[in-house]
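Q: Whenever a hint applies, use it, and build me the whole structure from the sequences.
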Amino acid sequence: MTTESFSPVGAHVPVAGGLAKSGLAYAAEIGAETIQVFVSNPRGWATGPGNPGQDALLRERADLPVFIHAPYLINLGAPDEAVAAKSVASLEHALRRGAEIGARGVVVHTGSAVNGSRTHGLERMRARLLPILEGLAEDAPQVLLEPMAGQGRVLCATVDDLGPYLRALDDHPKAAVCLDTAHVFAAGHDISTPAGMRAMLDRFGEVAGAHRLRLVHANDSAAPCGANRDRHANIGSGYIGSTPFAELFTHPVSAGVPVTLETPGPAGAHASDVEMLKKLRDNVPPSPGKRRQAGHEIGHDRHAGRKTGAG
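In terms of UniProt numbering, the sequence shown has 40 at position 40, counting the first letter as 1, and numbering is strictly consecutive.
Taking CB as the label site, the calculated pair distances span:
#, residue 1, residue 2, range
1, A127, P194, 39 to 47 Å
2, E206, G18, 37 to 45 Å
3, G226, R61, 34 to 42 Å
4, D63, D170, 30 to 38 Å
Think of the hints as simulated: they come from the structure by calculation, not from any bench. Ideal placement from N, C-alpha and C gives every residue a C-beta, glycine not left out.
A: Set out below in structure tokens:
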């Protein structure tokens, strides 16, 4: 495997107690080669300054690609102007913090029209997000748009939905994509076979272009294909299964792209998932004794066991 096609494997890490102090220790514990963090409450609007010392420690880790996940409440397509204003402020905060810690990108959900037409939702999203993109410096983190699971009036769920979404942003160079395997599966892409995963990635290349994919959230799904429900499971413990994930490391669209887990924790489970993906990447057959028992698999809420905090 060449350096250009090497995909680092990691996970979303907890940061309670210090962005670098906790995050880097957890990364070492599970063998992560890349990490994703929160820099504010993921389920609230409150923002705050970072810790310069902790920020510096993360910036020093040039070997460890870092990504930020913006708060879940952000909805740039919302008809409610108060929600929209808070969404813009929250994303701008995440991007500022991303620059301070040397993050490569900030993941943000693509949003929902809530009610009314998706066309109007896309128009609202454009009016709010395009000025943010235009204001980013060349070396600023990219905005990584994460398609959702297809619930409600979401603006982007399937790979094909990325076409009009990116066009609404004038195909801006600072707009890239984070693909979540559980989301695309729930949205209707059957990636439970290697051929299905390849077909989805092929279509991504056709619709968005391979250059747009900058991060993959590798999650198995506790919900069936097309269920439009966002429920994460550990790798090999859900409806997708482990084998299709190997395609992420060889397909020309995704080879070389960092892969992070958002699967149910705690550390032991995350370490097992990281090990599984590394073995798939390195063509090492997985050990049959490494998987968890039933009860720690299907049926978890997407964030069950994830012990994260604001940083």
